Amino acid sequence: MGVAVLLSPPGRPHSSQDEPMPPQPYRTTMTGWGRYPVVEGLAVKSEDLEQATVGAALCRGLGRSYGDSSLPARADDLVVDTTLADRLLAFDPASGMLRAEAGLSLWDLNRLLLRRGWFVPVSPGTQWVTLGGMVASDVHGKNHHRDGCFGRHLRSLRLRVADGRIVECSDEQEKELFRATVGGMGLTGHILEVEFPMHRIPSPWIWGETERIADLDALVAGLKEAAGSWPMTVAWADSLARGRGLGRGILIKGRWAEPGEAPDRPPRLKRPWRVPLRLPRLVFCRASVRMFNLLYYCKHCPHLSSGILHPETFFYPLDVLDNWNLIYGRRGFTQYQCVLPHAGDNGPVRRLLELFASADGKAFLCVIKDCGAEGKGMLSFPRPGISVAVDFPVDPKNTQALVDRLNELVIDEGGRIYLTKDAFTRAEHFRAMEPRLGAFNAVRKKWDPQGRLRSAQSVRLLGDAA
Amino acid sequence: MKVVLLGATRGIGRAVARLLAERGERIILLGRSPQQLQRTARDLEIRGAEAPVATAPCDLLRPEGFAAALDRAEQELGGFETVIVTAGLFGTQQQLEDDPELAARVLSADFTNTVLFCEEVRRRLLAGGGGTLCVFSSVAGERGRQPVILYGAAKAGLSRYLEGLDHKFRARGLKTVCVKPGFVHTGMTAGLKPPPLAGRTQEVARRVLRAVDRGTPEIYVPPMWRPVMCVIRNLPRWVMRRIQF
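Chains as they are written, first to last, in our numbering: chain L, 7 to 472; chain B, 7 to 251.
Mixed in with the good hints, there may be bad ones.
As the list claims (entries may be wrong) - As a list, the in silico SDA-like pairs of lysine to any residue whose alpha-carbon atoms are at most 20 Å apart:
| id | chain 1 | residue 1 | chain 2 | residue 2 |
| --- | --- | --- | --- | --- |
| 1 | B | Lys8 | B | Gly54 |
| 2 | B | Lys199 | L | Thr34 |
| 3 | B | Lys199 | L | Met36 |
These aren't lab readings, by the way, just hints derived from the structure by calculation. Nothing here was measured: the structure is a model prediction, and the numbers come from that model.
Sequences and hints are given; from them, build the entire structure.
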């Protein structure tokens, strides 16, 4: 494979000018945001993504996917770190159409364009993601019920496909490849450039409303009702409350503030705090989680409050802690996110939460969101229904069994999981919940018959050769 | 401010260029690859640099092209008063010992040709009544050190040249800024084990730009390298022979 060739000349000088030399691969440990699993890998990092992706198995941006999506299947698979490839290539201030290199972070984009009145059409819950990652995960956000996934807005992509060619794809050109790449976890080609329209916003501030809600039925009803009048909604629920209080939580609704009601000045970007060390596991016990969740619930003391919010507070509440993934301790954590079809009595969501609580699941807040229509990506996660996401620390004795039981429930209810969060699902479970897998595999087979592009996740779930 | 940048398509140079762009400065980019220069120019325009950001070919290994590149910069900008040179070549000591041809390229790019480029710039800035010349040297040039003998020697020569330039011409309005980076997280250092308090590109770029604005003759980035190098400079030879630093 090309990897060995790239690695061979140890005596390659490195230049800070535009030296047409391949960048040097190096050995490093890699892990996703959940810090589980941790693998040894061969990485390469360069401003010149076109050059760096030659012969690579996978691209990796800011490493915010929780599980093993951005990890190599084998220690000598070359993984490209895209974060230095972050140039804006074109921006039309009339239409908002933007083209940029895949390593550009949403943080950088917000820093530059929010104050000028532009925002991405869809934003995930953290701004520490790259555009390439947003495409590969086909991210969704608080506006999913109205605006769908990021992929819906995507104009075109520039890819380096497995045979080394560079291909431009969109809904008009190589449509199949385009749709497999949206939400395709980087397995169809290396995303080099991304083009999509930014959305005009009336001001860079948010008018938000939060409401405390006592149980699951009211929470889901609140989400559905708010979907009609609010462009952005999400709910946080207490995952440990049981019985009548099951699913009690906070309903958060927002829209961009009008110029008249927003402050005149642009919002100042916040400087994230850092967790100084990994916390000992003792900090993370059932009692402390229960206490945290109770405090969060009670913090919203008035049942309804509203006002102007900083856009970062609204979109990226967890980004205030730069490395909050360390609070789960040495073994790391995982997030389980699934979408369950709508049901009149919210039975599926209730059963999922009950199963989670009964299995001794410990989770800080659980995020609940109603999803709109299915995206155009072949493996895009959302579908109409209720999405539920819970974080929990990895426990070698317990986690695999818990995820298995959750997956069995999701299969029974006709739902599916989000690959970007997953580190534990079994291949047979994934196949059972993903009827679209055949079409996706066919596109991969066509563009990558030798199976050059792969990740630890694709080996675990899609049957790629290790 | 009208700024000429050599080596701004990558690393710290790119970060400095972006800060200049966000201030709305007028910029021309000099470098080797027309394609990379074009892409970087578009990026800087969108980030706020006065459009169009011009580019001109200039290769540190071809000193015969320096005058033409700077002529082009003068035409495009209508004169300039700030020049920032971040370009350079790097090779590990082992690479340079094994490959004399590579050693010759690194030595001439990082010393002779950088100095020749600066001489071209000096003449033009002095003719225009002064300005600022900011050049990236390295902490590697502070002492003869085992891991960076050749590279360090080139940078040592460069630092001395810049110091002399500053002593002679500051009174006539030419301010020289010698930047001495220690370990900074860039593509050049990817995969190397970072020492404690390694610099981040953006933070380093901010300090460099502040030094350019103030005309500080010499800065260490990150700043903790100043006391570290002060100690290294004063270590006796028998210690330097024994440590691998």
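For each hint, the structure was consulted:
no. : hint                 : in the structure
1   : B:Lys8 <-> B:Gly54   : holds (14 Å)
2   : B:Lys199 <-> L:Thr34 : holds (10 Å)
3   : B:Lys199 <-> L:Met36 : holds (15 Å)
Checked against the numbered hints above, the structure breaks none of them.
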